[in-house]
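Participant: If you want the building blocks of each chain, they are given just below.
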Amino acid sequence: MTRPLKIVQYLNQFFGGIGGEEYNDQPVQVIEGPVGPGRALANILGDTVAVTATIIAGDNFLVEEQDRSLPPVRQALRKYQPDLVVAGPAFDAGRYGLGCALICQLANETGINAVTGMEPDNPGVMSQKGLYVIPTGSSPAEMVPALRKMAALGLKLARKEEVGSAEEEEYLPRGIRKPFNRHKQGAERAVDMVLGRIKGEPVASEISIRQYDQVDPPPPIDDLSRYSVALITTAGIVPRGNPNRQSTEIPRNYFAYSIAGVDSLTVQNWESVHTGFKGHVYNTLNPNYALPLPALRELDRIGEIGQLHDRFYSVVGGGCPVSDARRIGRGIATELTDADVEAVILEST
Amino acid sequence: MRLEVGSVQVDEIRWGPSTRFSNGTLTLDRDEIEELVLQDSQIERTRAEIASPGDSVRIINPNDKIEPRVKVAGRGVAYPGYQGRPTEQVGSGRTHRMAGLAVIDCLDYSAAGESQAGEDRTWSRDEHGTLGNDWPEGVSPDFIDVSGPGAQLKPFGTLHNLCIVIQAPSGVSADEQHGVSQSAAMRVAERIAETVRNVQPDYVETFDTQPRPDLPSVAYIPHLASFEPQVGPRGRFGSAVYGQGRLSAPWLLESTELMDGAVAGSGHTWIMANNPVVMSLARRHGKDVNFLGCILQRTNWTNQREYVLAAHRAGVLAEKLGAQGAIITTDVRGQRWVGTMLTVQECENRGIDVVLLTEEEDNENGAAPALLFAPTELKYVVTTGTGDVAGGFPAVDRVIGAIDEPTAQWYKAFPPLHGRYGIAHVADYYGYGSQSYADY
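Taken in sequence, the protein lines are chains A and B.
Going by numbering that gives the first Met the number 0, the first residue of the first sequence is number 0, and it counts up by one from there.
Going by numbering that gives the first Met the number 0, the first residue of the second sequence is number 0, and it counts up by one from there.
In short, the hints are calculated from the structure, not lab data.
As the structure is a computational prediction, the values presented were derived from the model and not from experiment.
Treat the hints with care, since some could be wrong.
[What the hints assert, rightly or not] Some chain B residues judged to face chain A by a derived CB distance under 8 Å, without partners named:
{"id": "1", "residue": "Trp-250"}
{"id": "2", "residue": "Asn-364"}
{"id": "3", "residue": "Gly-421"}
{"id": "4", "residue": "Gly-430"}
{"id": "5", "residue": "Tyr-439"}
Cβ atoms here follow ideal geometry from the backbone N, Cα and C, with glycine treated the same way.
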């Protein structure tokens with residue numbers, strides 16, 4: 000007979016039976032066996048699974064005092080070696096949700112699968128990436144149905160079985176998309192979906208809309224006269240002949256070219272490799288349209304800018320994956336920072 | 000309008016002494032086909048090749064794909080306006096289509112050199128880096144395999160394909176090369192379609208666009224990239240509506256006009272005549288939907304104001320038609336996505352229930368959202384995935400699509416492909432397949 004699967008559950012001070020809001024700074028304690036909701040969980044799971052320990056902490060203490068709160072949690076996970084960590088469910092309790100997410104993240108970092116449950120709007124949902132979160136209602140009255148769903152998914156995770164899509168397994172989308180055959184033509188699905196919408200029937204979108212990270216622009220500079228300024232272009236301006244074989248789209252890298260002693264780009268010496276424009280203006284009339292070198296030289300001459308950095312950075316702004324864009328952006332920023340450049344004009348296409 | 004579409008099934012394609020169709024077999028006179036192509040003096044070299052499903056064949060350099068269709072009754076010609084054909088309105092009467100067949104022009108640029116002079120100077124993309132290091136150098140992903148696990152993912156892998164390999168004329172613009180090639184393919188398709196003018200089709204579907212206001216009313220709004228900003232008003236690049244590739248206010252077309260090929264070009268001629276959204280709505284018209292018609296929206300406008308105006312006008316048209324719902328698609332993303340999203344917003348703000356049908360962006364293991372951007376009005380999306388080919392591509396015995404012997408790389412097995420924007424192997428813009436993506 001196989002050994003029973005071991006589960007460690009995390010509960011906050013309230014569900015752990017210590018007390019309400021006034022005990023939210025309670026330090027971490029570890030209790031053998033199930034506590035409170037853990038008993039209901041144990042009932043649902045049956046004999047093949049054992050809730051071997053319960054970690055309890057005050058909401059504030061766990062989240063705000065991580066230097067002190069996380070080491071004993073790590074220690075408990077090492078000691079009990081669970082197949083699964085179950086956190087909560089936290090329902091609509093925000094700090095409890097954050098705590099559950101933190102515990103799941105910690106478990107995942109140490110190679111232990113974890114599942115939690117909370118209301119979809121709970122800030123805990125978005126606080127960590129890649130967690131398995133079962134959506135619950137807002138009230139602890141739904142404890143048992145929530146635990147049932149967490150147990151069903153949790154068992155798969157504990158057994159290291161393949162986990163299906165968010166829709167199939169009823170967890171919240173984790174921001175990860177994978178191939179999925181819907182066994183019905185896309186066009187037919189679109190017609191079904193639009194008719195469902197018109198009739199007011201419940202229909203499920205195949206993409207849950209998620210936005211990009213927002214990048215806050217830095218504050219404007221009042222006086223550029225003491226700054227070293229660099230030029231970056233996403234128009235893919237290169238020395239004529241494209242010596243680095245820079246790609247026309249979907250860039251994997253960036254390139255820097257010297258403009259020391261150059262006052263203006265000419266079509267004889269420079270061109271754009273950007274596929275989106277076919278380079279009409281840049282390549283036949285005026286490459287400075289994509290890299291305003293003459294204007295910057297003039298500003299340098301009259302003292303409006305401290306100095307113009309003698310290398311410009313070139314990349315093609317077309318079809319770039321987010322992760323490559325981050326890497327390219329970081330690379331350029333690091334080189335510029337190392338060269339004591341303090342301001343940049345980014346010519347975007 | 001009322002259109003009968005008679006489908007003549009092509010079961011076999013082979014070379015023979017004369018071009019004719021009989022009992023499901025299309026016999027082609029190779030010399031006649033090649034001479035048709037060479038009628039254009041700009042084309043110096045050509046070769047006709049055939050590839051059938053299950054053959055160990057890879058088709059490279061594909062340009063347009065055309066299903067031979069012929070109007071046997073009613074006004075106009077199939078593929079009206081396209082590459083100079085008459086522009087009389089189509090969509091009524093009777094049309095014969097050759098089901099299971101595509102004419103593909105393979106445009107081989109190798110002799111024309113990599114870069115053109117002046118404004119048309121184009122550099123090839125760094126395909127090696129783009130596809131990943133496990134792919135051989137010099138391979139671009141838009142090839143067609145007619146056998147192996149990838150063959151089922153796009154229509155042409157399951158069709159009999161007549162490939163017209165054309166050496167791209169040198170010394171002319173890329174736009175002109177494109178037009179020359181597509182014209183040649185259309186001449187060939189037209190000739191072949193003639194063979195079934197008087198053939199009894201295997202089955203006939205009748206489409207009547209008579210309104211059925213008692214049923215939920217749906218408009219279809221495809222977004223079609225115009226290349227006018229790049230190639231000018233007479234350019235031959237890009238999707239054309241009755242031959243017009245220009246930026247314009249939205250066009251209103253009946254579904255049957257699309258079935259007669261009123262939208263063609265840009266490699267999409269076959270799929271637009273068989274557009275799965277149009278066909279699904281048209282087949283369900285009168286049963287559970289009132290299909291109002293197609294509002295064809297152009298993209299590649301050069302500034303935001305133009306995009307906003309175009310979106311307004313599409314919204315006005317949809318509302319005037321009485322649309323309760325709309326299915327929206329786009330044929331290239333990037334900046335075309337801006338116009339597509341504005342149309343979504345405009346329709347939703349007019350109370351029209353929108354479903355967007357699209358490919359999605361590479362999720363990069365959770366690093367990136369599925370859509371380039373999404374206004375709050377967009378809530379309902381059907382996704383055809385990112386263009387993955389999980390099974391990879393087996394080595395092939397024959398490679399079609401190069402005038403001279405293609406490089407040895409092209410015969411090799413290729414690893415599974417993780418598709419993303421710009422890495423187009425499948426490129427299912429219109430919900431042809433059942434492949435999709437889901438949240439995990």
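Participant: Taking the hints in turn, state whether each one holds.
Facilitator: Hints versus structure:
{"no.": "1", "hint": "Trp-250", "result": "violated (20 Å)"}
{"no.": "2", "hint": "Asn-364", "result": "holds (7 Å)"}
{"no.": "3", "hint": "Gly-421", "result": "holds (4 Å)"}
{"no.": "4", "hint": "Gly-430", "result": "holds (3 Å)"}
{"no.": "5", "hint": "Tyr-439", "result": "holds (5 Å)"}
Comparing the model with each earlier hint shows a violation of hint 1 alone; every other hint is respected.
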